[in-house]
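Take these sequences, add in the hints, and give me the full structure.
So the sequence lines, in the order shown, correspond to chains A and B.
Following my numbering, the numbering of the first sequence begins with 1 at its first residue and continues without gaps.
Following my numbering, the numbering of the second sequence begins with 1 at its first residue and continues without gaps.
Among the clues, some could well be false.
[Unchecked claim] If you want the ones that stay clear, here's a sample from chain B, every Cβ over 10 angstroms from chain A, calculated:
{"id": "1", "residue": "12"}
{"id": "2", "residue": "25"}
{"id": "3", "residue": "42"}
{"id": "4", "residue": "45"}
{"id": "5", "residue": "47"}
{"id": "6", "residue": "49"}
{"id": "7", "residue": "76"}
{"id": "8", "residue": "78"}
{"id": "9", "residue": "79"}
{"id": "10", "residue": "80"}
{"id": "11", "residue": "81"}
{"id": "12", "residue": "90"}
{"id": "13", "residue": "99"}
{"id": "14", "residue": "108"}
[To be verified] What follows is a set of in silico ranges between Cβ atoms, one per label pair, in the way DEER data are often shown:
{"id": "15", "chain 1": "A", "residue 1": "174", "chain 2": "B", "residue 2": "76", "range": "20 to 30 angstroms"}
{"id": "16", "chain 1": "A", "residue 1": "53", "chain 2": "B", "residue 2": "116", "range": "54 to 64 angstroms"}
{"id": "17", "chain 1": "B", "residue 1": "20", "chain 2": "A", "residue 2": "119", "range": "37 to 47 angstroms"}
{"id": "18", "chain 1": "B", "residue 1": "22", "chain 2": "A", "residue 2": "95", "range": "52 to 62 angstroms"}
{"id": "19", "chain 1": "A", "residue 1": "231", "chain 2": "B", "residue 2": "21", "range": "43 to 53 angstroms"}
{"id": "20", "chain 1": "B", "residue 1": "94", "chain 2": "A", "residue 2": "93", "range": "45 to 55 angstroms"}
It should be emphasised that the hints constitute simulated quantities derived from the structure, not laboratory data.
Ideal placement from N, C-alpha and C gives every residue a C-beta, glycine not left out.
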Amino acid sequence: MTESARTAEPARTTETVIPVVERILSANDRVAGANRQRLDASRVLTLNVMASPGAGKTSVILHTLRALAGRARMAVVEGDTAPVTIDSEKVAALGVPVVQVNTGGACHLDAEMMSNAFDQLPLDRVDLVIVENVGNLICPAGFKLGTHVNVLIASLPEGDDKPWKYPKMYRGVDVLLVNKTDLAPYVDFDMTNFRRGVEALNPGVVTFPVSCRTGDGLGAWTDWLAAKLPR
Amino acid sequence: MHELAITQALLDVAIRHAADARATRVTEIHVVIGDLASTVDDCVIFYWGEISRGTICEGARIRFERVPARMRCDDCSTEFGLTGGLTPCTGCGGVRLRVLAGDECRLESLTVQTPAQEGTP
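As structure tokens, this is what we get:
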């Protein structure tokens with residue numbers, strides 16, 4: 001717009017307030033809804049695995065792939081902020097199809113990225129897709145992907161105060177894995193305070209204490225997951 | 001850092017509604033953000049200035065309406081606000097809580113300029 005047009009403007013325009021009342025992330029929600037329809041049509045169960053960096057997302061996923069091998073046809077979507085393929089290579093080494101999504105520095109996956117990732121997977125020949133979100137306890141909680149089950153992995157060294165500090169994440173999860181239980185003798189983790197925080201935000205959420213190092217508790221998790229698979 | 005994605009989504013919604021209203025310019029946008037929405041106003045303002053440039057929203061002011069978080073205790077029915085982080089019930093110390101307010105993240109309204117009709121001042 002030129003300066004002369006700008007100065008002439010007030011004489012020819014009226015100013016009005018128009019009501020909108022629309023969720024800011026409504027577009028993401030719509031794409032997430034379309035993703036869900038597509039996944040349901042292909043009869044695929046999908047997990048959105050979230051956690052802080054280093055909590056054990058990849059370790060849990062690798063264990064799950066090994067435990068369910070032969071029982072389910074699986075694929076993985078690896079979300080990373082940078083084009084680092086460390087996690088994808090570990091999945092591919094198990095012979096499982098994997099799509100890497102680079103968010104280009106963004107701290108979360110969104111529904112559009114997932115739509116593009118699903119395009120690259122043989123959804124009609126897969127029973128379970130595990131999505132590994134970017135390691136972060138804030139941003140991924142705000143962006144729906146269209147996946148079915150929100151999985152949160154907490155770990156003992158993070159501290160027992162995390163539900164109190166990241167309420168939005170803990171409120172939105174369907175299943176909680178508490179990893180690194182083998183470190184209990186070495187870290188000050190008050191399970192009672194942790195469970196109180198979880199209970200405040202997400203009463204009765206399914207919880208599995210596990211150790212990816214020793215394998216403790218992981219059988220209960222994979223049995224629970226196997227029971228949810230499409231028949 | 002999700003503020004960039006939120007600001008981009010906000011701009012998309014604002015542009016769509018401004019076009020529907022046949023506006024020539026957007027002068028103010030009114031957004032409602034709850035305290036549990038993990039969104040930093042200054043961060044949104046910064047990104048808004050950058051990404052709205054060259055659009056119908058360039059120069060529009062953002063008016064933030066902040067909604068404090070309010071909880072209700074399922075055990076004793078006490079309702080209480082959160083000033084900092086999450087706390088147990090202020091009435092009974094219980095933790096069976098539900099969120100009454102604070103999750104909001106929406107565009108409430110736009111103030112726009114439209115070409116005046118013939119005969120209006």
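Results for each hint:
1. A Cβ of chain A approaches the Cβ of residue 12 of chain B within 10 angstroms, the least distance being about 6 angstroms, so the stated non-interface status is violated.
2. Residue-level check failed: residue 25 of chain B sits 8 angstroms from the nearest beta carbon of chain A, not beyond 10 angstroms.
3. For residue 42 of chain B, the requirement that its beta carbon stay farther than 10 angstroms from each beta carbon of chain A is met, with the minimum near 16 angstroms.
4. Distance check on residue 45 of chain B: its Cβ is at least 14 angstroms (rounded) from any Cβ of chain A, clearing the 10 angstroms threshold; non-interface status holds.
5. The claim that residue 47 of chain B lies off the interface holds: its Cβ sits roughly 12 angstroms from the closest Cβ of chain A, which is beyond the 10 angstroms cut-off.
6. Distance check on residue 49 of chain B: its Cβ is at least 17 angstroms (rounded) from any Cβ of chain A, clearing the 10 angstroms threshold; non-interface status holds.
7. Taking the minimum C-beta to C-beta distance to chain A, about 14 angstroms, the non-interface status of residue 76 of chain B holds against the 10 angstroms cut.
8. Its beta-carbon lying about 14 angstroms from the closest one in chain A, residue 78 of chain B satisfies the requirement of being farther than 10 angstroms from that chain.
9. The claim that residue 79 of chain B is not at the interface with chain A holds, since no C-beta of that chain comes within 10 angstroms of its own (minimum 15 angstroms).
10. Separation of residue 80 of chain B from chain A is adequate, the least Cβ-Cβ distance of about 13 angstroms exceeding the 10 angstroms criterion.
11. Residue 81 of chain B, annotated as away from the interface, keeps every beta carbon of chain A farther than 10 angstroms; the closest lies near 14 angstroms.
12. The non-interface label for residue 90 of chain B is consistent with chain A: the shortest C-beta to C-beta separation is roughly 13 angstroms, beyond 10 angstroms.
13. Its closest Cβ contact with chain A, about 7 angstroms, brings residue 99 of chain B to no more than 10 angstroms, contrary to its assignment away from the interface.
14. Consistency note on residue 108 of chain B: stated as away from chain A, yet its beta-carbon is not over 10 angstroms from all of that chain's, at 6 angstroms minimum.
15. The supplied range of 20 to 30 angstroms is met by residue 174 of chain A and residue 76 of chain B, whose beta-carbon atoms lie about 28 angstroms from each other.
16. Range check, residue 53 of chain A to residue 116 of chain B: about 55 angstroms between beta-carbon atoms, so the 54 to 64 angstroms window is met.
17. Restraint check, residue 20 of chain B to residue 119 of chain A: a C-beta distance of roughly 31 angstroms breaks the suggested window 37 to 47 angstroms.
18. Between residue 22 of chain B and residue 95 of chain A the beta carbons are some 57 angstroms apart, a value that agrees with the proposed interval 52 to 62 angstroms.
19. Remark: the range hint 43 to 53 angstroms for residue 231 of chain A to residue 21 of chain B is upheld by a beta-carbon distance near 51 angstroms.
20. Our hint of 45 to 55 angstroms for residue 94 of chain B and residue 93 of chain A holds, since their Cβ atoms are close to 48 angstroms apart.
The earlier numbered hints that this structure contradicts are 1, 2, 13, 14 and 17.
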